[in-house]
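Participant: Using the sequences and the hints given, assemble the complete structure.
Take a look at the letters that make up each chain.
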Amino acid sequence: MTDRELSARAVVGLRVGFALVVLGAWYLVALTMGDLFLAPPHAVLASLGRSVESGEFLKYLGPTAYILAIGAGLGVVTGVPAGLLIGRIRWLYFLTEAPINIFYTTPLVALIPFILVIVGFNYQSKILIVFLFTVLPVVINTSSGVRTVDADLVELSRSFCATEWTVWRDVIVPGSLPAIVTGLRLGLIHALVGAVLADFYAGASGFGYLIILYSNRFDIAGALGPVLVLAATGTAIAALLKSAQRRLSPWQGAP
Amino acid sequence: MAHVDIKDLSKHFGTLTVFDGVDLHVDDNEFVSILGPSGCGKTTLLRIVAGIVEATAGAVLVDGETIHKPRPDMTLVFQNFRLLPWRTVEDNVAYGLRLQGNSKAAARELAQPYVQLVGLEGREKEYPYQLSGGMQQRVGLARALAIQPEILLMDEPFGALDAQTRELMQDELLKIWSADRKTVLFVTHSIDEAIVLSDRVVMMQSNPGRIVDVIRVPFDRPRDATAIRTDPRFATLRAEMWALLRQDPLAGDSAPGRTGD
Chain C
1 MTDRELSARA VVGLRVGFAL VVLGAWYLVA LTMGDLFLAP PHAVLASLGR SVESGEFLKY
61 LGPTAYILAI GAGLGVVTGV PAGLLIGRIR WLYFLTEAPI NIFYTTPLVA LIPFILVIVG
121 FNYQSKILIV FLFTVLPVVI NTSSGVRTVD ADLVELSRSF CATEWTVWRD VIVPGSLPAI
181 VTGLRLGLIH ALVGAVLADF YAGASGFGYL IILYSNRFDI AGALGPVLVL AATGTAIAAL
241 LKSAQRRLSP WQGAP
Chain X
1 MAHVDIKDLS KHFGTLTVFD GVDLHVDDNE FVSILGPSGC GKTTLLRIVA GIVEATAGAV
61 LVDGETIHKP RPDMTLVFQN FRLLPWRTVE DNVAYGLRLQ GNSKAAAREL AQPYVQLVGL
121 EGREKEYPYQ LSGGMQQRVG LARALAIQPE ILLMDEPFGA LDAQTRELMQ DELLKIWSAD
181 RKTVLFVTHS IDEAIVLSDR VVMMQSNPGR IVDVIRVPFD RPRDATAIRT DPRFATLRAE
241 MWALLRQDPL AGDSAPGRTG D
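Line by line, the protein sequences are chains C and X. Using the numbering used here, the letters of the first sequence map in sequence onto residues 1 to 255. Using the numbering used here, the letters of the second sequence map in sequence onto residues 1 to 261.
Some hints could be false.
To be verified - Quick look at which bits of chain C chain X covers, simulated, 3 or more residues with Cβ under 8 angstroms:
# : segment
1 : 152–163
2 : 169–175
To be verified - Listed next, the stretches of chain X that the computed footprint assigns to chain C, with coverage defined by at least 3 CB atoms under 8 angstroms from CB atoms of chain C:
# : segment
3 : 63–73
4 : 77–84
5 : 117–129
To be verified - A short list of chain X residues far from chain C (calculated; beta carbon distances all over 10 angstroms):
# : residue
6 : 50
7 : 164
8 : 232
9 : 235
It is worth saying that the hints were derived from the structure and are not from the lab. Glycine is no exception: its CB is placed at the ideal position from the N, C-alpha and C atoms.
Facilitator: In C-alpha cells form, the structure reads like this:
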C-alpha cells in the first residue's frame with residue numbers, strides 16, 4: 001500500500017537497485033578500512049565456499065538446525081493453539097495478559113544465563129531458549145488475531161445454529177489466519193536469533209559458535225559467512241510465509 | 001407455516017430501557033414491518049425474536065414454543081450483509097445448508113437455485129469483495145432463503161444500499177415472497193419500504209421503545225411496487241405514518257414535559 005501504485009517491474013528495479021547500492025557501500029567500506037574491520041563480499045563468499053568444501057559448514061550447521069527444528073517447532077505447535085484459546089476465552093485472556101507482556105518486554109537474552117544454570121549447558125537448554133524466542137510472538141499475534149475477528153460474523157454463524165466448534169472452523173480460524181501467519185513469521189525469525197544466542201552462550205557447537213571461533217581468530221570474512229547464511233534464511237522464511245499467506249487467503253484480493 | 005407471538009416483552013441494558021411491554025402477533029405467512037426511529041429498539045426486538053439476544057422480561061413464542069436460542073427454521077438477514085470474506089458466493093449461499101450437515105457438494109447443489117433466484121449465476125466462484133453492495137445483499141438473501149426457513153427476520157436489509165438499488169431489491173423481494181410466502185418480520189426506518197412490502201406495519205417510538213400503532217396496508221397481492229408508489233392511497237398512508245412518527249419530538253431524553261412538535 002503506497003501513495004502511488006507501483007508496477008511489478010518498478011518494485012523489482014527498486015529492490016535490485018538498493019541491493020547494488022548496499023553492495024557498493026560494503027565494498028567501499030571494506031576496501032578503505034582494511035579487512036580487520038570488514039571483509040569485502042567476495043572474500044566472505046570465498047571463505048564460505050572453503051568452509052562448505054571442508055565439511056566444517058555442515059558440521060556446525062547440524063546442531064543449530066537441530067535446536068531450531070525442535071525449539072521453533074514446539075514454539076509453533078504450542079503457540080498457535082495457546083494463542084487461539086487465549087484470544088477466545090475471556091478469563092484466560094485476562095489471566096495471561098500481564099504475564100505475557102512482562103515476559104515479552106523482558107530481554108530474553110538476560111534470562112539465558114539463568115536457563116543455563118538451571119537446565120545445564122546442553123541441548124535441552126538450547127532448545128528451551130529457541131522455544132522461548134519463538135513462542136511469544138506466535139501467541140501474542142494469534143490471540144490478537146482472534147480478538148479482532150469480526151464479532152458480527154460470529155453472530156451470523158450462531159444465528160444459523162452453529163456450534164462453538166463450527167464457529168471456530170468457519171469464522172475464528174480463517175478470520176485470524178493473517179495474524180497467525182504474521183506471528184509465525186516473527187516467531188521463526190526470532191527463533192534464528194535465539195538459536196545463535198544459544199550457541200553463543202552454551203557454546204561448543206552450532207552456527208553461533210562458528211561465528212565466535214572465526215571472530216576470535218580475527219577472521220572477519222569467516223565470521224561473516226554464517227551471518228550471511230542466517231540473514232538469507234530469515235529473508236527466505238519471511239518471503240515463503242508471505243506467499244503462503246497470499247495463497248491461503250485469496251479473499252484479501254490482489255496483493 | 002409458522003406464526004410468532006411476542007408477549008409483554010421488555011429489554012433493559014442496566015438502567016436503560018430499550019423497550020417495554022411489547023405485544024405482537026405475526027400470522028402464518030404474514031409480512032409484518034416494524035417501523036420506527038433509531039433508538040426505538042426495533043433491531044434489539046428482532047434479535048430477541050431470532051434468539052441471539054435474551055429478553056429481560058416477557059417471551060417470544062414461535063408456533064407456541066418459547067425462543068431461547070436460534071431455531072433452524074428461522075433465519076436473519078443483516079443490514080451489513082455479513083458474508084464470510086473467505087468463502088465464494090456459492091459457498092456463502094450454501095453456508096446455512098452446510099451447518100445443517102450437508103456435504104460441501106450437496107450444499108452447493110441445493111444452493112444453486114437460490115444463486116439463480118437472486119440473479120448471481122456466473123458469479124458463483126467470486127469472493128464477496130468482488131461484488132457491489134447490492135450483490136452482496138443478494139447473497140445474504142439467498143443464504144437465508146436457501147435453508148427454506150418458515151420465518152424470515154430481516155434487519156434493515158436494504159438500509160446500506162443506495163436509493164435505486166434499494167427499490168430494485170424491494171421489487172425483487174416482493175416477487176420472491178409472492179412466489180414462496182413465508183412469515184416475515186422486517187425492520188426498517190423507511191416508511192415507503194414498509195408500505196410497499198408489508199401486510200401490516202408496526203409503528204414504534206423511542207424513550208422507551210414501545211408500539212404506538214399497528215397499521216394495515218390495504219394493497220392487494222400480488223403487488224406491483226411501482227403501481228403502489230404512485231397510488232393516491234400510498235400518499236395518504238405515508239402522511240398518516242409520518243404524523244405518528246413525528247409525535248416523538250427529536251427523540252431526545254427529555255421525555256417528561258413533552259410539549260408536542
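Participant: Against this structure, judge whether each hint is valid.
Facilitator: Against the structure, the hints come out as follows:
Counting residues of the segment 152–163 of chain C whose CB lies closer than 8 angstroms to any CB of chain X gives 10, so the stated coverage by that chain holds, three being the minimum. Here's how the segment 169–175 of chain C fares: 4 of its residues keep a CB closer than 8 angstroms to some CB of chain X, so the rule of at least three is met and the hint holds. Given a C-beta distance limit of less than 8 angstroms, the hint that chain C covers the segment 63–73 of chain X holds, as 4 residues qualify and 3 suffice. Proximity of the segment 77–84 of chain X to chain C, defined as three or more residues with a beta carbon under 8 angstroms from a beta carbon of that chain, is established by the 4 residues found.
Restraint check on the segment 117–129 of chain X versus chain C: 3 residues with Cβ-Cβ distances below 8 angstroms, three needed, restraint holds. The claim that residue 50 of chain X is not at the interface with chain C is violated, since a C-beta of that chain comes within 10 angstroms of its own (minimum 6 angstroms). Its beta-carbon lying about 26 angstroms from the closest one in chain C, residue 164 of chain X satisfies the requirement of being farther than 10 angstroms from that chain. The non-interface label for residue 232 of chain X is consistent with chain C: the shortest C-beta to C-beta separation is roughly 40 angstroms, beyond 10 angstroms.
Residue 235 of chain X, annotated as away from the interface, keeps every beta carbon of chain C farther than 10 angstroms; the closest lies near 37 angstroms.
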